[in-house]
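Participant: Sequence:
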Amino acid sequence: DVGILYDNGQTEDSRNVSALWTLTSTGTDFTNPSKKWDSGADSWNTKTSKLTAGDFNGDGKTDIGVLYGYGVQDDGTNRTAIWKFTSTGSDLANPVKSWDSASATVNSWNWAASKLG
24 DVGILYDNGQ TEDSRNVSAL WTLTSTGTDF TNPSKKWDSG ADSWNTKTSK
74 LTAGDFNGDG KTDIGVLYGY GVQDDGTNRT AIWKFTSTGS DLANPVKSWD
124 SASATVNSWN WAASKLG
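For the sequence shown, this note's numbering assigns the number 24 to the initial residue and increments by one for each residue that follows.
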């Protein structure tokens, strides 16, 4: 299966709009894309999102994790968070923030220096 975070542009007041689409494997091909989530006007920037897949809650289903970069903050630290789209087996739940460098002991995590595998 394939998950695609798609950039839908910006609202009139410059907030980013994104959507998460999935294409399910048939074994020999993929189904048509299915929209699983839409940020609406809540501002989600695909340019500062890095996706990875894995079973992040131990239920045997593949979830999607997103390393999201908020950029350099007013105090000079880099802020990065991990958001998780949990799989139900047939759908994905809305994203939930699972970690935020602003509240972690590392305090500053440079998104641009991070690579997911």
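Watch out, some of these pointers could steer you wrong.
Claimed, not checked - Think about it this way: if two alpha-carbon atoms lie no more than 20 Å apart in a straight line, the pair counts; the simulated PhoX-like pairs of lysine-lysine are:
no.	residue 1	residue 2
1	K107	K70
2	K58	K73
3	K84	K58
4	K120	K107
5	K73	K138
6	K84	K59
7	K120	K70
8	K58	K138
9	K58	K70
10	K84	K70
11	K138	K84
12	K120	K73
13	K107	K73
Stated by the list, open to error - What follows is a set of in silico ranges between Cβ atoms, one per label pair, in the way DEER data are often shown:
no.	residue 1	residue 2	range
14	R38	D123	19 to 29 Å
15	S121	T47	36 to 46 Å
16	P56	A125	32 to 42 Å
17	W122	S66	11 to 21 Å
18	D82	W122	30 to 40 Å
19	N80	D36	15 to 25 Å
20	A136	N55	17 to 27 Å
Because the hints were derived from the structure by calculation, they are not lab data.
Even glycine gets a Cβ: it sits at the ideal position worked out from N, Cα and C.
Participant: Against each hint, give a clear statement of whether it holds in the structure.
Facilitator: Hints versus structure:
| no. | hint | result |
| --- | --- | --- |
| 1 | K107 to K70 | 17 Å, holds |
| 2 | K58 to K73 | 18 Å, holds |
| 3 | K84 to K58 | 19 Å, holds |
| 4 | K120 to K107 | 6 Å, holds |
| 5 | K73 to K138 | 8 Å, holds |
| 6 | K84 to K59 | 16 Å, holds |
| 7 | K120 to K70 | 18 Å, holds |
| 8 | K58 to K138 | 26 Å, violated |
| 9 | K58 to K70 | 19 Å, holds |
| 10 | K84 to K70 | 27 Å, violated |
| 11 | K138 to K84 | 23 Å, violated |
| 12 | K120 to K73 | 14 Å, holds |
| 13 | K107 to K73 | 12 Å, holds |
| 14 | R38 to D123: 19 to 29 Å | 20 Å, holds |
| 15 | S121 to T47: 36 to 46 Å | 24 Å, violated |
| 16 | P56 to A125: 32 to 42 Å | 34 Å, holds |
| 17 | W122 to S66: 11 to 21 Å | 20 Å, holds |
| 18 | D82 to W122: 30 to 40 Å | 19 Å, violated |
| 19 | N80 to D36: 15 to 25 Å | 35 Å, violated |
| 20 | A136 to N55: 17 to 27 Å | 37 Å, violated |
Checked against the numbered hints listed earlier, the structure breaks hints 8, 10, 11, 15, 18, 19 and 20; every other hint is satisfied.
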